[in-house]
Amino acid sequence: MRGGGGGVPEHRSLLDRLFWRVGTVVVIVFALLPVAWIASLSLKPAADLNDNRFLPRDVSLEHYRSIFQDPQFPAALWNSVGIATLSTVLSVILAMFAAYAIVRLRFRGRRLVLGAALSIAMFPPIAVVGPLFNLWRNLGLFDTWPGLILPYMTFTLPLAIWTLSAFFREIPWELDRAARVDGATPFQAFRHVIAPLAAPGVFTAAILVFIFAWNDFLFAAALTSTNDARTVPAAIAFFTGSSRFQLPTGSIAAASMVVTVPVLLVILAFQRRIVAGLTQGAVKG
Amino acid sequence: MSRLVSRLPGLWHRLGRSAEERLGWLLCAPAVLAMLLVTAYPILYALWLSLFRYDLRFPDRRTFVGLDNYASVLTSGVWWESVLNTLIITLGSVSVELILGMGLALLMHRAVFARRTLRASVLVPYGIITVVAALAWKFAFDPVTGFINPLVGVDHAWLSHRWSAFLVLILTEIWKTTPFMALLLMAGLTLVPKDVLDAARVDGASGPQRFFRITLPLMKPAILVALLFRTLDAFRIFDTVFIQTRGAQNTESVSVVGYNALITRLNLGLGSAVSVLIFVCVILIALLFIKGFGTRMSRPEEAR
Numbered sequence: 000m001r002g003g004g005g006g007v008p009e010h011r012s013l014l015d016r017l018f019w020r021v022g023t024v025v026v027i028v029f030a031l032l033p034v035a036w037i038a039s040l041s042l043k044p045a046a047d048l049n050d051n052r053f054l055p056r057d058v059s060l061e062h063y064r065s066i067f068q069d070p071q072f073p074a075a076l077w078n079s080v081g082i083a084t085l086s087t088v089l090s091v092i093l094a095m096f097a098a099y100a101i102v103r104l105r106f107r108g109r110r111l112v113l114g115a116a117l118s119i120a121m122f123p124p125i126a127v128v129g130p131l132f133n134l135w136r137n138l139g140l141f142d143t144w145p146g147l148i149l150p151y152m153t154f155t156l157p158l159a160i161w162t163l164s165a166f167f168r169e170i171p172w173e174l175d176r177a178a179r180v181d182g183a184t185p186f187q188a189f190r191h192v193i194a195p196l197a198a199p200g201v202f203t204a205a206i207l208v209f210i211f212a213w214n215d216f217l218f219a220a221a222l223t224s225t226n227d228a229r230t231v232p233a234a235i236a237f238f239t240g241s242s243r244f245q246l247p248t249g250s251i252a253a254a255s256m257v258v259t260v261p262v263l264l265v266i267l268a269f270q271r272r273i274v275a276g277l278t279q280g281a282v283k284g
Numbered sequence: 000m001s002r003l004v005s006r007l008p009g010l011w012h013r014l015g016r017s018a019e020e021r022l023g024w025l026l027c028a029p030a031v032l033a034m035l036l037v038t039a040y041p042i043l044y045a046l047w048l049s050l051f052r053y054d055l056r057f058p059d060r061r062t063f064v065g066l067d068n069y070a071s072v073l074t075s076g077v078w079w080e081s082v083l084n085t086l087i088i089t090l091g092s093v094s095v096e097l098i099l100g101m102g103l104a105l106l107m108h109r110a111v112f113a114r115r116t117l118r119a120s121v122l123v124p125y126g127i128i129t130v131v132a133a134l135a136w137k138f139a140f141d142p143v144t145g146f147i148n149p150l151v152g153v154d155h156a157w158l159s160h161r162w163s164a165f166l167v168l169i170l171t172e173i174w175k176t177t178p179f180m181a182l183l184l185m186a187g188l189t190l191v192p193k194d195v196l197d198a199a200r201v202d203g204a205s206g207p208q209r210f211f212r213i214t215l216p217l218m219k220p221a222i223l224v225a226l227l228f229r230t231l232d233a234f235r236i237f238d239t240v241f242i243q244t245r246g247a248q249n250t251e252s253v254s255v256v257g258y259n260a261l262i263t264r265l266n267l268g269l270g271s272a273v274s275v276l277i278f279v280c281v282i283l284i285a286l287l288f289i290k291g292f293g294t295r296m297s298r299p300e301e302a303r
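In the order they appear, the protein sequences are chains A and B. In terms of numbering that gives the first Met the number 0, the first sequence is residues 0 to 284. In terms of numbering that gives the first Met the number 0, the second sequence is residues 0 to 303.
Looking at chain A on its own, in the form it has when it is part of the complex (with noise of 0.2 Å):
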């Protein structure tokens, strides 16, 4: 990425230049176009919802009014966020200890654990779901919290495990040493050295692995059955609205743009770390 900007001179030709960025335009509206299409939706009077018109004639928050007013979509929200962050920081402790362990020791395991971690990040989560399905309604787990964090946390171990060694193996951890000399406890020394340097690494780690138990339908749809459990995907996936065979287009756009934009937000706030750590896994490794 660094030096990355091609800033060295060259001589492109005017057609060259309109290329590159006809294509740029063309990406930007690709990527963005069916966001903006599930806002228009999200806003368009129930009335409307028909009229095959990409952008909205008239503006209406009901849609929003309306999922809110139903038990089931907060229930859900509360759902995915305590899932999806519990997981995230179970996932990224038990990673964080693995990659501390695989940069900063010898140990003859070090291979396997990143082996491991390799192989299951290529794993099919439909070849669990399953047996987890079976174990879970014997050992009480069905439709609990702990049902679903278990499952992501242990999905998402991979990639917070090899975003942490990239990170970490990027850090002095000589630095520590120099302040324990200087007259630093050790706990010092972690808390104002390395805790600092780390700290975006963890960061990064957090918000890929968040991303992953946000976005999960599989576990979520076979793994829960009520509000007890149930998260936004799999919420809005079983969605009813009124009739049996219509779908609640302007409830499923409208609790689709609430769980979407926050997470937009965090993403385009963070996006150089996250290409970072999305792309130095990919180099590393």
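Honestly, the hints are just simulated from the structure, not real lab data. Idealized CB from N, CA, C, for every residue including glycine. Don't take each hint at face value.
Estimated spans, in silico, between C-beta atoms of each pair [stated by the list, open to error]:
{"no.": "1", "chain 1": "B", "residue 1": "Asp154", "chain 2": "A", "residue 2": "Leu14", "range": "35 to 43 Å"}
{"no.": "2", "chain 1": "A", "residue 1": "Glu61", "chain 2": "B", "residue 2": "Pro216", "range": "52 to 60 Å"}
{"no.": "3", "chain 1": "A", "residue 1": "Leu246", "chain 2": "B", "residue 2": "Arg200", "range": "52 to 60 Å"}
{"no.": "4", "chain 1": "A", "residue 1": "Leu246", "chain 2": "B", "residue 2": "Pro220", "range": "40 to 48 Å"}
{"no.": "5", "chain 1": "B", "residue 1": "Leu36", "chain 2": "A", "residue 2": "Val28", "range": "39 to 47 Å"}
{"no.": "6", "chain 1": "B", "residue 1": "Pro58", "chain 2": "A", "residue 2": "Ser65", "range": "39 to 47 Å"}
{"no.": "7", "chain 1": "A", "residue 1": "Ile92", "chain 2": "B", "residue 2": "Pro220", "range": "39 to 47 Å"}
{"no.": "8", "chain 1": "B", "residue 1": "Ser71", "chain 2": "A", "residue 2": "Val88", "range": "40 to 48 Å"}
{"no.": "9", "chain 1": "A", "residue 1": "Val180", "chain 2": "B", "residue 2": "Ala198", "range": "44 to 52 Å"}
For chain A, the structure is supplied; the task is to place chain B on it using the hints.
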């Protein structure tokens, strides 16, 4: 993997040899245990369940049937059609994503115009919940609500016909995951030494020549890693198919078949056989990539 497994006895022997070794294992233990408990154990359990006739609606009638479930799955048209459907979606989306992703990676790599906006918008599809993206495209193509039909000037129920449904499914996949592909490829682009490209330019190599003769060969490992990850990811496609067609019009993917057997019909025996077969397919695809292309998948230690 097999190489790693064969080293296990040596590992145990060395356990407890040094404090550093023990600390290393201690720190990795929670993560490794979690991964074993939630993936290795269930897959073995699935293997066990797949040998029984076991329907949760009639749990008392659980009987050992050996490989009968595999025989039923492998002789059923539904399974093979879903394999074909999954391959259509996988090949359709991954091949287009590779080309678009490469273009996008080049664009991000050398963009001089709206650089920040470009990178930010590319992350938008990545950050959106797949279910939401699938619904957005479904509504867009819907003849009653959507804007696509008037835009293109046709009157077509896209998701009610098999091939146009595939088109929508693949388009949704491409929209959602091209950014990820592009980011992986961009990481490969940054590894191409700039002085080599500059030297080639000085020697009079044209842009396409520099790309095909220098950049592309040097990026081969990054391309293969990106392809492997996306192929395996596309092969387990579930969310998009479930939301957009629920498998209607013969668009069922293997994961949807598994889900329907396990969760919708509560047939744990048959569903587990499907799960195990999907797992085997994924291993075969991974082996095909690793052996077939001779990719050096991961040597993280050597990057130090």
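Against the structure, the hints:
1. Checked against the hint of 35 to 43 Å, the pair Asp154(B) and Leu14(A) passes, with Cβ atoms roughly 39 Å apart.
2. At roughly 57 Å, the beta-carbon separation of Glu61(A) and Pro216(B) lies within the given 52 to 60 Å, and the hint holds.
3. Checked against the hint of 52 to 60 Å, the C-beta distance between Leu246(A) and Arg200(B) comes to roughly 55 Å, which is consistent with it.
4. For Leu246(A) and Pro220(B), the Cβ-Cβ distance of about 44 Å falls inside the hinted range of 40 to 48 Å, so the restraint holds.
5. Taking the beta carbon of each, Leu36(B) and Val28(A) are about 46 Å apart, inside 39 to 47 Å as hinted.
6. At roughly 41 Å, the beta-carbon separation of Pro58(B) and Ser65(A) lies within the given 39 to 47 Å, and the hint holds.
7. The beta-carbon spacing between Ile92(A) and Pro220(B), approximately 32 Å, falls outside the hinted interval of 39 to 47 Å.
8. Take Ser71(B) and Val88(A): their Cβ atoms lie about 43 Å apart, and the range 40 to 48 Å holds.
9. Hint check: Val180(A) to Ala198(B), Cβ distance near 46 Å, so the stated range 44 to 52 Å holds.
Checked against the numbered hints above, the structure breaks only hint 7 and satisfies the rest.
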